[in-house]
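Each chain is listed here by its residues.
Protein chains: 2
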Amino acid sequence: MILGSKAPKHAGHFLEKNPLFAQCSDRFWAEIASSSREIFIEKGRLLFVHGDPAERFYVINTGWIKLYRETLDGTQAVIDILPAGELFGEHSLFNGGVYTYSAEAAEGSQIFTLPIQSLKNELAQNPAFALDMLNAMAGQKKKQDNEIEHRTLQTAPQRIGCFILRLTQGDENNACTVHLPYDKTLIAARLGMQPETFSRALKKLKDETDIEIKGSSIEIKSLDKLSEYTCSACSSDIFCLDVEDTDKDHIEL
Amino acid sequence: MILGSKAPKHAGHFLEKNPLFAQCSDRFWAEIASSSREIFIEKGRLLFVHGDPAERFYVINTGWIKLYRETLDGTQAVIDILPAGELFGEHSLFNGGVYTYSAEAAEGSQIFTLPIQSLKNELAQNPAFALDMLNAMAGQKKKQDNEIEHRTLQTAPQRIGCFILRLTQGDENNACTVHLPYDKTLIAARLGMQPETFSRALKKLKDETDIEIKGSSIEIKSLDKLSEYTCSACSSDIFCLDVEDTDKDHIEL
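Sequences listed follow chains A and B, in order.
Those letters in the first sequence? Residues 1 to 253, per the working numbering, in order.
Those letters in the second sequence? Residues 1 to 253, per the working numbering, in order.
Hints listed in this document are in silico derivations from the structure and should not be mistaken for laboratory results.
All C-beta atoms in this analysis are idealised placements derived from N, C-alpha and C, irrespective of residue type, glycine included.
Among the hints, a few may not be true.
[Claimed, not checked] In silico DSSO-like cross-links for lysine-lysine, where the CA-CA straight-line distance does not exceed 30 Å: (1) B/184 to A/17; (2) B/221 to A/141; (3) B/141 to A/143; (4) B/143 to A/120.
[Claimed, not checked] A few chain B positions that, by computed beta-carbon distances, are all more than 12 Å from chain A: (5) 168; (6) 200; (7) 207.
This is chain A alone, in the form it adopts within the complex:
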């Protein structure tokens, strides 16, 4: 299932760049150094299944990881597609020690795996880390509030427009080109759409906002036009400043 596993030379160094771990203790880093592993996982391979007992959490070094749940009738609900730098599996700590979703490699991915117990120890002994984790979780909750709002109020073309606008990362030019991060079937699943709904909606978005689609490249001729079309059905600020700027929201006690 997993291609290889080795003790990483730089798992600690990689994690140190994540603001969530900025206030972790030396004890935590020593535990991580001795117990983290780096694994390589092929596209389409499962890392764990919803309901599995959870002993490890994960940080993505390269690649994309799809988190999903399966309904009793076998349909897949994609919860998220995570890029490099993101954590997953850590919430099992609060959920009876089992994973609350399944995780699969959306692309060939390089991942650090770390013991949940280290996280647990650090939370119990380091209040500053517990507060950082509260901040991180509040940020995730805010994104979910937006996701629920969008699935309720935005049309399918507007939701694709929103996905594309986030790729521009606040580009200051009114015209720019962005690249889709993964294939369109996966984007459709991430947005909770059937592939055929996605195709129809993308065509309508193209007609309404004059974007040009060439393979995985999207040429945006007018960011103003795209955001006007997309963001009218959203309660966030234009370019979602209230979603993306998590630094400014950091609690200071």
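Chain A is fixed; fit chain B onto it per the hints.
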């Protein structure tokens, strides 16, 4: 806007029943005793607006509070309808000190208002409380995961079925009667449906599962039939044990 305000005799006593506050310090309770207020708010009245600076958080004593956001084009997205016992406004602590939604009384409601600063002080000085708050937030995140899944995969009749099943609270009889907690327009908004979609979907649910609807009473002739119809498009256990049983998920460090 608000009908009356007075220093409550039993705000502290009421809060003490909430497990989130079980490990709070004497200092916190002393602050609460001197600074909490009880207010009465009429149906349809606003308590605060999305983006308002947040100095207080709230606990519902009686009534129902609607949390919502408004899009740029004026459409309302209902985030939640909260019953007695629930907190709201407390997440402003992590979101730049402003409310991330508007709050309005869905029914005439009696509410305790408390200073955010007391919460902030307690989080900074009481690690056990910070962990309890992490647990509470993880529970909320789990419910949102389910909400997003349902809005993606369940049909409108299934989502109404799910709403009704939750009202049974695990009733052991296969036949039972439940009462809708608030009016149907509000239930439609809570489920992210237009009123006409809700009416059509309720009729379909009635036809498929033999429930009887008399005003705000729903007579369920077979819980098995209702849950079979509803829960086939959901990844949770039947009767959502993995959503509702938050006690068993409590982190123990």
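Verification of the supplied hints:
Proximity of residue 184 of chain B to residue 17 of chain A is assessed by CA-CA distance (about 49 Å); at most 30 Å being required, the pair is judged violated. Proposed proximity of residue 221 of chain B and residue 141 of chain A is contradicted: the alpha carbons are some 37 Å apart, above 30 Å. Proximity of residue 141 of chain B to residue 143 of chain A is assessed by CA-CA distance (about 10 Å); at most 30 Å being required, the pair is judged to hold. Between the alpha carbons of residue 143 of chain B and residue 120 of chain A the distance comes to roughly 22 Å, so the proposed pair stays at or under 30 Å and holds.
The Cβ of residue 168 of chain B sits about 19 Å from the closest Cβ of chain A, beyond the 12 Å cut-off, so the non-interface label holds. Under the 12 Å C-beta cut-off, the non-interface status given to residue 200 of chain B relative to chain A holds; the minimum distance is some 17 Å. Look at residue 207 of chain B: its CB is around 20 Å from the nearest CB on chain A, clear of 12 Å, so calling it non-interface holds up.
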